[in-house]
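Line by line, the protein sequences are chains A and B. Here numbering that gives the first Met the number 0 is used: position 410 in the first sequence is 409, and no number is missing along the way. Here numbering that gives the first Met the number 0 is used: position 675 in the second sequence is 674, and no number is missing along the way.
Note that these hints are calculated values from the structure, not bench results. Check each hint, because a few of them may be wrong.
For identical chains, the list gives no copy identity; a pair is met inside one copy or between any two copies.
Below are the DSS-like pairs computed for lysine-lysine, each with C-alpha atoms no more than 27 angstroms apart in a straight line [to be verified]:
#1 Lys647 - Lys97
#2 Lys662 - Lys391
#3 Lys97 - Lys645
#4 Lys571 - Lys647
#5 Lys605 - Lys658
#6 Lys89 - Lys645
#7 Lys260 - Lys358
#8 Lys260 - Lys640
#9 Lys89 - Lys647
#10 Lys605 - Lys665
#11 Lys228 - Lys89
#12 Lys391 - Lys305
#13 Lys239 - Lys44
#14 Lys239 - Lys187
#15 Lys140 - Lys316
#16 Lys391 - Lys187
#17 Lys665 - Lys551
#18 Lys260 - Lys89
#19 Lys89 - Lys640
#20 Lys97 - Lys640
#21 Lys260 - Lys187
#22 Lys290 - Lys89
#23 Lys390 - Lys260
#24 Lys260 - Lys272
There are 2 protein chains.
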Amino acid sequence: MVNTIDTSAINTIRTLAADVVRGANSGHPGAPMGCAPMAHTLFAKYIKVNPKNPHWANRDRFVLSNGHACALQYIMLHLMGFNVSMDDLKHFRAIDSKTPGHPERGHTEGIEVTTGPLGQGISNAVGLALAQAQLAATFNKPGFEIFNNDTYVILGDGCLQEGVAAEAASLAGHWKLGKLIALYDDNKITIDGDTAVSFTEDVIQRFESYGWHTLIVADGDNDTDAIAKAIADAKAVTDKPTLIKIRTTIGYGSQNEGEEKVHGAPLAADDIKNIKSKFGFNPEEQYAVPKDVYNFWNTRAEENAKVEAEWNDLFAKYEKEFPTEAAELKRRLAGKLPSGWEKALPRYTPADAAVATRKLSETVLTALSDVVPELIGGSADLTGSNLTRWKKAVDFQHPSTGLGSYDGRYVRYGVREHAMFAIMNGIAAYQGLIPFGGTFLNFLTYGWGATRLSAVSNLRVIYVMTHDSIGLGEDGPTHQPVETLALVRATPNIYTMRPADGNETSGCYLVALENDHRPAVIALSRQNLPQLEGSSVEIVRKGAYVLQAQEKPDVVLAATGSEVAIAVEAAKALTQDGLKVQVVSMPITDLFDEQPLDYKLSVFPKNVPVISVEALTIFGWQQYSHTQVGMTTFGASGPIKDVYAKFKITAENTANVAKDTIKHFKEIGHVPELLCQRQ
Amino acid sequence: MVNTIDTSAINTIRTLAADVVRGANSGHPGAPMGCAPMAHTLFAKYIKVNPKNPHWANRDRFVLSNGHACALQYIMLHLMGFNVSMDDLKHFRAIDSKTPGHPERGHTEGIEVTTGPLGQGISNAVGLALAQAQLAATFNKPGFEIFNNDTYVILGDGCLQEGVAAEAASLAGHWKLGKLIALYDDNKITIDGDTAVSFTEDVIQRFESYGWHTLIVADGDNDTDAIAKAIADAKAVTDKPTLIKIRTTIGYGSQNEGEEKVHGAPLAADDIKNIKSKFGFNPEEQYAVPKDVYNFWNTRAEENAKVEAEWNDLFAKYEKEFPTEAAELKRRLAGKLPSGWEKALPRYTPADAAVATRKLSETVLTALSDVVPELIGGSADLTGSNLTRWKKAVDFQHPSTGLGSYDGRYVRYGVREHAMFAIMNGIAAYQGLIPFGGTFLNFLTYGWGATRLSAVSNLRVIYVMTHDSIGLGEDGPTHQPVETLALVRATPNIYTMRPADGNETSGCYLVALENDHRPAVIALSRQNLPQLEGSSVEIVRKGAYVLQAQEKPDVVLAATGSEVAIAVEAAKALTQDGLKVQVVSMPITDLFDEQPLDYKLSVFPKNVPVISVEALTIFGWQQYSHTQVGMTTFGASGPIKDVYAKFKITAENTANVAKDTIKHFKEIGHVPELLCQRQ
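Next up, chain A with everything else stripped away, as it sits in the complex:
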C-alpha cells in the first residue's frame, strides 16, 4: 500500500471507529477497523453514488450485511458527504440520533436496507440485484443503459452461517446475478471466539456449488491493490455473482487485534491512544479527520456528481426518444400507482359462485398484472397452491436457461421462504417494483426475521399467505396455522388481512397497494367461500364494518375470512330464536384500530355482547370480543368438515356461545366495556 492518502483515509476510519464506539460507550469497533481497507477501496474506487442526491435511481447499492459494524457505514457516509455530520457520529447509539445501533433504512440517508439481524443484508442484496436486472431488462434500450448499477455487500462469518443467506445465495447463483459482488470479511472470529469452534466449512467451495464466481484476497489489512483488483475481476464476470473472501484482522491496530474481545465493546482509552500513535495520529485528539482525507472525499463526491449528471443527460435523451417508457419509469420511481388502477379490481355480487379467497387473489393478480406492471411476484415452490401466478406471466430467469427472461415478473423462489421474504425487501428497497410472494400462512414464520424487517423498514411488500387456518384440512397440525395471525397483529406497522369473499379480497389488495410505507399479510382460504351480501371493495378501507346491520342488537357476531360465513349462518339461527343480531366482518383488524371512536362504536355498540369467530388462536381477540370461538390447541389432520366440527368452529356452537354470553352478562349485571370501545 504505497498511496499515502489511501493509508491516511483507512487509518482515519479505524481511529474514528474506535472513538465513535468509545463515545457511545457501546457498540462494535472490531469489524469497522478490520473492514476499513475494503470499505475505503470500494467507496473510493468503485461505488457510484451522489451524496447530494442519495435517491439517484442508478446509484450503486451498498449493503453492510454485518450491520453491527455500522460505525463503519456512518463514518463512510460522513466522509463521503452524506447528511451525517461529525456531531451525528458523536451521538452514535444515542436516543433519536441519526446514528442508531444498527443501520435503519429511511432513518439515515444513504442506508439502503436495515441490517443487523444476520443474514438479512446479503439476502436483501440479492433482491436489489434482481430488481436492477429486471428493471434493466424492462427499461434499457440500445444505447440507453438506464439501469446498470452494481450491488455491493460487505458481510461477515455470522451472515454466512445463517440459513437465510444460504437460501438467497443459492438463488443468486441460479439467477446468474453478475452485478452482485459480496466482500466477505474473513476475520476468523465470531462472538464465541475462533470460528474453529463452529464454522469450519469451506465457504469458497460452497459458493462455487451455488454457481458463484469466487476470489480470495490474502491480506485484507494492507493489500488494497489486491482488493481493488479483485473487485475489478468481479465486475468483469457478468454472468455470475462474485464472492471475494478477504482475510482481515478484527480490530486491526488494537492490542487485542484478532481476538473476540475487540468485537462488541469499546476499546480501552489507552488502547485507542496507542492505536492513534501507531497510525501517526495525535493520541490525544478525538474524532480526528485529516484535512487531506476530507479533500479526497470532496473530490470523489464531485466525480460522483458528474457521473449522475451524465446519467441525467442520458435520461433526458431517453425521455425524448422513449417518452412512454420514461413517463412510466418516473411514475414508478415516484412510488405512484397508475391513475385509476383500482378500477381493475374485480367486484362480486352474492349471485356469484363460492370461490376460495386464494383463487380470488389469483383473479386480482391477473386483473392487475397489466394495469400495475410494477408488480413482481412469486411463490416458495407452491405456485399451484398459492395461485400466485397470473395468466400470461413470464418467469424471471436468466435468458440462457430458456425458462424465462430477466424482464419476467414471476419469481420461482424454490422452497426458501426466508430468502423469499428478504429478497422481497431488497426488491421493494430498490424502488420501481412492488414485490409479492406466496406460501402457506403457517410458513410465514419460517421467514419472520425478514418479515419483521419489512415492517421496521416501511417497505411495501405483500405476503400472499394461503391455506390460512385449520380449514386446510388433511395436511394436519404441522401445516395448520394457529398462532400466526396473532403474531402479525402483535407487530407494529404491518397490516394483517383476512378477506371473507371476492370484494374483500379486492379490498385487501386495494389497501395493500395504497399503503406504500407498510407491508401487508393477506391470509387466504384453501376452501371455497360464498360471496357475501353486504360486502364491498372500498369498505375494506375501514378495516372492519357492519356486514348485517341491526338496530339495538342483542348481540354482535364478529368474524374474519372463512368464518364470516359461519357468523352469518349463526346469526340466522339466533334470529330465528328471536334475537337481534349484528354481523361484523373484520378483514383488517389493525386498520380498524386506526378508525375514530364513533366509527368503532357504530360497529361495536356499547353494552352489547360481542362474540368473535376465527379458526385461529383466540389470543388477542379480547380487545374486540367478550367471548371467542376459535382455537386453543393445535389443529388436526382430517377433511375440513371433520376438523371444524372437532374444534367446534361451527354456526351451531357460535349460536350457543352467544346465548350463554348474553345470559352470563345478564347475571353479572353489566356488559363489560371492550378496549376497542374506549379510545
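Given the coordinates of chain A, assemble chain B onto it according to the supplied hints.
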C-alpha cells in the same frame, strides 16, 4: 434387482401408496413410489428396530424428512409389524386416525420426530445423531457399546433448499457425526415443476464443503444393490456424515411418472390399475400385500427382536459391572429427574444484590450442571451475552479438534438459530438428554419453524432467550423484541416465562424441567433487576401470584420480568396518594390460565381495575388487564433509561394510567369483567 422378494416388497409399497392416497382422496403418492426401493433396502437390510418395543434405547433412528411422503412411512411401519394396522392405512388422513397427513411424534408408534415442514427432519436427525454420540461417549465402556445406533434420513429437494437444513448440515460436518446417513431422493421435481426452475446448485459439492462424505446412486428406481452398497460404504466412514444422492423417478410406475402431477394428489383409478398390472398385481385388488411380503417382514422382525435381546443381555452385564452408570441411564431414559434436584435451585432474599435475570439464569445452570447431568446446552454464538455456559462446562466437539470432546455438554451452534432449535428437538426426541439453547429473544423468530414443532411434538426443550425487551437499549429496534412474547403466548403447549428476579428465575427452571411434555421459552433481561420482597421459587408454579397483597384494593398492577420492579415503584407512588394497590407478578401467564377460577380471582379480584406493565406489545394483555402500559410501535436505539422514558414504560406513567383508569370506570359505572375472571 434379481431378488424376487425384494421386487415384490418394493412393488407392494408402490401399489399400496397409490391405494392409500387414493383412499384418503388426498395426499402424496409420488415420493413414496419413488422412494420405495431405498426405503425397502434400508429397512430390510440395515435398520435395527424392534416393532414390538419401539422405545428400545439403542434402536436405529429413522427420519422421513420429506414428511409429506408419510404414506411410505406408515406402510413401512405396517409391514414391519408396528402398531399400524391395514385399517389404519385405510383411514389415512382421516380425523383422529393413527395416520395423519404428516407424521406426528407421540401420535403414531415408530415415528421418531414430527416432520412435514421442510428442512426440519434432517435437522432433527443431526440432533438425534449428536445425542447418540454424546450418550455413547458418556455411557459406553470398553466392551460395552450401549449406544451405537445409526441415524438414517430420507429427504428430498425441498429439504435441501431450506436454510435450516443448510445450517444443520454445516454443523453435522463440523461435528463429524459419522453415524448420520442421509438418503437424498433426487427426483428432480418440486411442486413448481422441474428443479431447473429454482434449484440448480451442485448439492454434492455443497455437502463436501460442509465436510460430508458423499455418494451417488445412479438408478434408485431399480438398483437396490447399489443402494445397499452405498449404505454399507456410508457406515464404513465413521468420522463424517454421509449424503447418498439417489436418482429416482417420482411416481415410478404411473403414466405420469417423473412429473409434478404425481406429487400431491391421488392418482387416477385407471392409472393405479395399470400400475398394478405392470407390477404383476391384480389390478382389481386394493390394499394388496402378498403373503410372502408379510412373511419376509415377520422374519425380519424376529431378527430385529433378537438384536434387541442381545443388547438387553449386554445391558444386564453392564448393569452388574457399572451399577451407578446403569441406574443413572435408566433414570434418564425413564424421563425422571434426580430426586431432590430442585434443592439445588438458588434462592434469594431482598437483601441480595440486583442482578440481570440472564445472569441469574447462568447461576441456575451452574447450580444444576452436576445435579441434572442430562442438561445439554448451548448458544447461537452469543455465549457471553446469553450466559448459557456454566462454570466447568466442556464443549461438545469431535475429539480430533482439541476443542472439546463428545461427552462435552456445551454446544457451539454458531449463528444458526433455526438449526439450533431443530437440533434441540432431535436431542430431546432421542431421550436421555434435556436440551437448552440461547439467543436474543428477538431471534426466536429466526427459528420459529422448529420451536412450533417443539410444542406440537411435546418435547421438553428449554429456550433461554435473553435481551428480552426494549431494555436491551442501544442495539435498537432490529434487536428489540416487541411481538415475540405474544407469539409464544398465542401458541398452544408451550410455556412463556418472564421471571422478575432470582427466585422467579429459579422457579421458571423448576417448571420448565418438571414439565417433560412441553417446551418453555424463558425471557431474560439484559439489565439488572432487584430481588423482590414477596417472591419465591415454588410460587412460580401458579404462573402468576400476588407479590404485594392488599385487602379490597382500588387497583391491581400486574407485570412481568423487568417491569415488576416498575409496578412496585408505581404502587408506592399510588399508595402515597392514598390508593390501595395490589401488585401481581405473572412470570408464566399461560400456566396461570390453568389455575382454578377461585385462585385467579384471588389474584385479580372482581370489580377492581387492572393495569398491566410489560415492555413488549400490549397485544393479548386485554384478557388480564383493563389498561396496558407497553409497546404499540417498534423500539429505538439508545441507553436503556432513555428508551424506557421515550416509550413511557415508567412508574410515573403507570401510576397516571392507573388513576385515569379508575376515574374512567367510575364514570361509566362499572369495572368490566375480564376474561380471566370468568372461567
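Now the hints, each set against the structure:
{"no.": "1", "hint": "Lys647 - Lys97", "verdict": "between (52 angstroms within a copy, 21 angstroms between copies)"}
{"no.": "2", "hint": "Lys662 - Lys391", "verdict": "neither (56 angstroms within a copy, 62 angstroms between copies)"}
{"no.": "3", "hint": "Lys97 - Lys645", "verdict": "between (54 angstroms within a copy, 16 angstroms between copies)"}
{"no.": "4", "hint": "Lys571 - Lys647", "verdict": "within (18 angstroms within a copy, 46 angstroms between copies)"}
{"no.": "5", "hint": "Lys605 - Lys658", "verdict": "both (18 angstroms within a copy, 23 angstroms between copies)"}
{"no.": "6", "hint": "Lys89 - Lys645", "verdict": "between (61 angstroms within a copy, 20 angstroms between copies)"}
{"no.": "7", "hint": "Lys260 - Lys358", "verdict": "between (55 angstroms within a copy, 19 angstroms between copies)"}
{"no.": "8", "hint": "Lys260 - Lys640", "verdict": "between (59 angstroms within a copy, 26 angstroms between copies)"}
{"no.": "9", "hint": "Lys89 - Lys647", "verdict": "between (60 angstroms within a copy, 26 angstroms between copies)"}
{"no.": "10", "hint": "Lys605 - Lys665", "verdict": "both (15 angstroms within a copy, 16 angstroms between copies)"}
{"no.": "11", "hint": "Lys228 - Lys89", "verdict": "neither (34 angstroms within a copy, 66 angstroms between copies)"}
{"no.": "12", "hint": "Lys391 - Lys305", "verdict": "neither (42 angstroms within a copy, 62 angstroms between copies)"}
{"no.": "13", "hint": "Lys239 - Lys44", "verdict": "within (22 angstroms within a copy, 44 angstroms between copies)"}
{"no.": "14", "hint": "Lys239 - Lys187", "verdict": "both (26 angstroms within a copy, 23 angstroms between copies)"}
{"no.": "15", "hint": "Lys140 - Lys316", "verdict": "within (12 angstroms within a copy, 82 angstroms between copies)"}
{"no.": "16", "hint": "Lys391 - Lys187", "verdict": "between (49 angstroms within a copy, 25 angstroms between copies)"}
{"no.": "17", "hint": "Lys665 - Lys551", "verdict": "both (16 angstroms within a copy, 25 angstroms between copies)"}
{"no.": "18", "hint": "Lys260 - Lys89", "verdict": "within (23 angstroms within a copy, 61 angstroms between copies)"}
{"no.": "19", "hint": "Lys89 - Lys640", "verdict": "between (63 angstroms within a copy, 19 angstroms between copies)"}
{"no.": "20", "hint": "Lys97 - Lys640", "verdict": "between (55 angstroms within a copy, 19 angstroms between copies)"}
{"no.": "21", "hint": "Lys260 - Lys187", "verdict": "within (13 angstroms within a copy, 47 angstroms between copies)"}
{"no.": "22", "hint": "Lys290 - Lys89", "verdict": "within (19 angstroms within a copy, 82 angstroms between copies)"}
{"no.": "23", "hint": "Lys390 - Lys260", "verdict": "between (56 angstroms within a copy, 20 angstroms between copies)"}
{"no.": "24", "hint": "Lys260 - Lys272", "verdict": "within (17 angstroms within a copy, 69 angstroms between copies)"}
The structure shown violates the earlier hints numbered 2, 11 and 12.
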